Amino acid sequence: MLLKYLCHVGDRDIISAEVQGCFSDGSVALHTRGSAYGPKLHGQRIQVLPALVKRGKQHFFDVKGVSEL
Amino acid sequence: MNCNCVGGEVSLSSSQLMFCAPFPKDDYGCMDIEVIFGCNGLVWVGLPTRKASGPSTFHPDTAPESAAHKPCSRVIRTVRKLICRVANAARILAALSLSVDPQYIVDVCQHSISLGLQPKEMLTTGFLKHFVREYGLT
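Keeping their order, the protein sequence lines are chains A and B. Following numbering that gives the first Met the number 0, the numbering of the first sequence begins with 0 at its first residue and continues without gaps. Following numbering that gives the first Met the number 0, the numbering of the second sequence begins with 0 at its first residue and continues without gaps.
Keep in mind that the hints are not guaranteed to be accurate.
Claimed, not checked - Quick look at which bits of chain B chain A covers, simulated, 3 or more residues with Cβ under 8 Å:
1. 33-41
2. 74-80
3. 104-112
4. 120-133
Just so you know, these hints were derived from the structure itself, not from any lab. Small disclaimer: the values here were computed from a predicted structure and weren't measured. Even for Gly, the Cβ is constructed at its ideal location relative to N, Cα and C.
Construct all of the structure, not just a fragment, from the sequences and the given hints.
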């Protein structure tokens, strides 16, 4: 399973996933449950101060009502 | 381009033939932009992956090998500009130490559109000053 994922996700690729667990050896179990998760393509990642991001139940948003010129 | 018409057949010469990948119809209608806010300050702005409800559309067992590590090749210019506009709106809010909130992002985008600005022009000092003055942030 892992090898099949590595075929589709390379180094420095961005994926969204739920963290199922962190282990003592430093490994992390990720789970791509639901259609919102998986490799992220066609976009850009930006970095802001963590304090500027409000914590909430929902961190996925669809920006609607904006149309390009 | 030269056209030679012989017996009802047209032959073209001195020209170029280009192959363009066709876009699915969905790409023209899909103008929603997905924004994911990470608690660590990382913000992802891109095309939504969940176009339909239900289980994950990505399965390593069924995904074709040919789709692996493919570069971005099917994002039309309008959608690309919209992604840049939304990302720049988040950058502006962060630069002004304002909360990076979905509603504020929409406000900044609509304000820049109302001024007729291109996405790259949103990061100029002039727009920042105008935005600060307009929203009374001074």
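Note to self: Between the stretch 120-133 of chain B and chain A, are there enough contacts, at least three residues with CB-CB distance under 8 Å, for the coverage claim to hold?
What the structure shows: violated (count 0)
Next item on the list: Count residues of the stretch 104-112 of chain B with a Cβ under 8 Å from any Cβ of chain A, then say if the count reaches three.
Entry: holds (count 5)
Check: Would you say the stretch 74-80 of chain B counts as covered by chain A, given the rule of at least 3 residues with C-beta under 8 Å?
Finding: Our answer is that it holds, as 4 residues pass the Cβ test (under 8 Å) against chain A, meeting three.
Next item on the list: Please count how many residues of the stretch 33-41 of chain B have a CB within 8 Å of a CB from chain A and say whether that reaches 3.
Entry: holds (count 9)
Consistency note: the structure conflicts with earlier hint 4 alone.
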